[in-house]
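Listed below, chain by chain, are the residues.
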Amino acid sequence: MRLAWAAFWVAVYLCMALGPLFVLLVGTTQTNAGFWWDFAIALGFAGTAMMGMQFMLTARFKHAMAPFGIDIIYYFHRYIAVVALVLILAHPIVLASDNPALLGFLNPLRAPWQMTAGLASIVSLTMLMVTSWWRRRLSLHYDAWRRWHSALAIAALGLALAHIGGVGHYVAAPWKRALWTAIGASWLGVIAYVRIVSPWSMLRRPYDVVDVRPERGDAWTVVVRPRGHQGFRYHPGQFAWLTLRASPFAMHEHPFSISSSPVGSEHLEFTIKELGDFTATIKTVRSGETAFVDGPYGAFTIDRHPARGYVFIAGGIGIAPLMGMLRALADRGDTRPIILFYAYRRWERLTCREAIETLRSQINLRVIYVLGEPPEGWDGETGRIDSGVLSRHLPSTRRNLHYFVCGPEAMTEAVERALYDLGVPLGQLHTELFDMA
Amino acid sequence: MRILFAKLLVVVTGLLIVMLAFLFALLRNPSDDARVAAVNQVTQTTPGAGVVAPATSDANGRTPQATAAARGRAVYDEQRCRACHSIEGEGNTRAPLDGVGDRLTEREIRLWIVAPQEMNPAVAKRGYELSEEDLNALVVYVTAGSHQ
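Chains A and B, in that order, give the protein sequences. With my numbering, the residue at position 204 of the first sequence is 204, and numbering never jumps. With my numbering, the residue at position 46 of the second sequence is 1046, and numbering never jumps.
One thing to keep in mind: the hints can contain errors.
What the hints assert, rightly or not - Within a straight-line C-alpha distance of at most 30 Å, the following computed BS3-like cross-link-like pairs (lysine-lysine) qualify: (1) B:Lys1007 x A:Lys273; (2) A:Lys273 x A:Lys62; (3) A:Lys273 x A:Lys283; (4) B:Lys1007 x A:Lys62.
The set of hints was computed from the structure by calculation and includes no laboratory data.
Work out the full structure, taking the sequences as your base and the hints as a guide.
Below you can see the structure in the form of structure tokens.
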């Protein structure tokens, strides 16, 4: 099922990345340019279309992302960028090795402007990749990086389109020129949507911060309430982009899991751990401040996967989306059996511990805490969540249950492997990764 | 596992894109037939057709020679020849066309336009598909006296 969806979206991606290229074939009978020349041209066009598609991938189109979960889309965005860069670098390299005279275009003083535009596009793209892959090593602030990321991306795409239009061989026919102009415009339209239309609609739907309460383990729960509108409907476990102390236009939004239940209240809660530049400022936020929320997103929810019972596995702050699901189960009076594995280093830092203890009496919930550094006299599980811990507590019907795993990447992968070894079908295993900040 | 899945999607997509780019290049370079046809266009043209014409004037008082050169200029602009060539210093000076009429025969010039690989198999220049009249006019323009 997931593979079928994957194949479908890969096909859509290929059509959008290569369709414009193959349209160029129509009406041209022969060119005698030679195989390598045309191959290099194809790489250039495909690479440019892939650059354009990058904007679509991160434009947060809710429906297109739903079957995958947004994390897959973002990882796809990240890794396909490497492929696009390789194709675009290969474009001039193949051309120049076919005809070394083209190396003359490297000199901006003598080259026609469209060649310099192409070169500048490659330089922008390379800078874009370096700043993205080594952001931490370059100690770039996340918000500053995002603004640079946008600027460089728009520059790289704009310059590439200028290069195509300026060279003009392949888009000489007026209708081809029109087509490529339309394609370029649609990518730029997506940028306009993301940067102008979407923030503008967020601006019209503000939220009030009504509470910021401390949680165990250096975490804070921010509670917001829609101001003068209905908010949005969401499924427990989904997440949203939260903007605090900034305009939606400022690109200061950060993704956080919604830890509240969608039932009954219009309040939204985000349980956030102090981990980086932005999250460290959460504790200074006061009631009455304005917030902007863009959501809901994500496929990490029990509502998409009906089952006889669920197993939730959390590591650290990964408890946040699971709290949303647990609270929703309680609010709905759900009686299905739930098992929660919750790993943390120390007992006193277990985020939401009291809330979990309260939920125990409201739903059919069994909790297994797994502590890295257990206190004296602790008789529960210790260490990490591994196949030993899992097999000791999972019922014999474990193959019929659905599993929701949320935590650090290493934990998530280890748990996935352990569950797979225990015979849990992969289709019943749901994870979402949040290493986007 | 989700990162692995994303990587798998990327590898599959990337390979398909490279394969389709390969296919694109193959489709555009099917065989030698097309090139033969282009060469025939040149060899079957009577040398000088459209270049040397009776010296009569058209309605605007221009000679056919001047009319052809004007049209050739338009073709030159349309096809963006100046991206790689220059005339009187205008355009890309890497490959000036000034005096080309003295250096090459008309047939050679035509081949350079429609089937450059016939002149130099290694050259990375595409062959231009032009109508008979456009090709003639272009030859008139690039060999015209003003910039020889």
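We went through each hint and held it up to the structure:
1. B:Lys1007 x A:Lys273: It holds: about 28 Å lies between the C-alpha atoms, which stays within 30 Å.
2. A:Lys273 x A:Lys62: The hint holds at about 26 Å.
3. A:Lys273 x A:Lys283: Between lysine 273 of chain A and lysine 283 of chain A the Cα gap is close to 10 Å, so the pair holds against 30 Å.
4. B:Lys1007 x A:Lys62: Holds - the C-alpha atoms of lysine 62 of chain A and lysine 1007 of chain B are around 22 Å apart, at most 30 Å.
The structure shown violates none of the earlier numbered hints.
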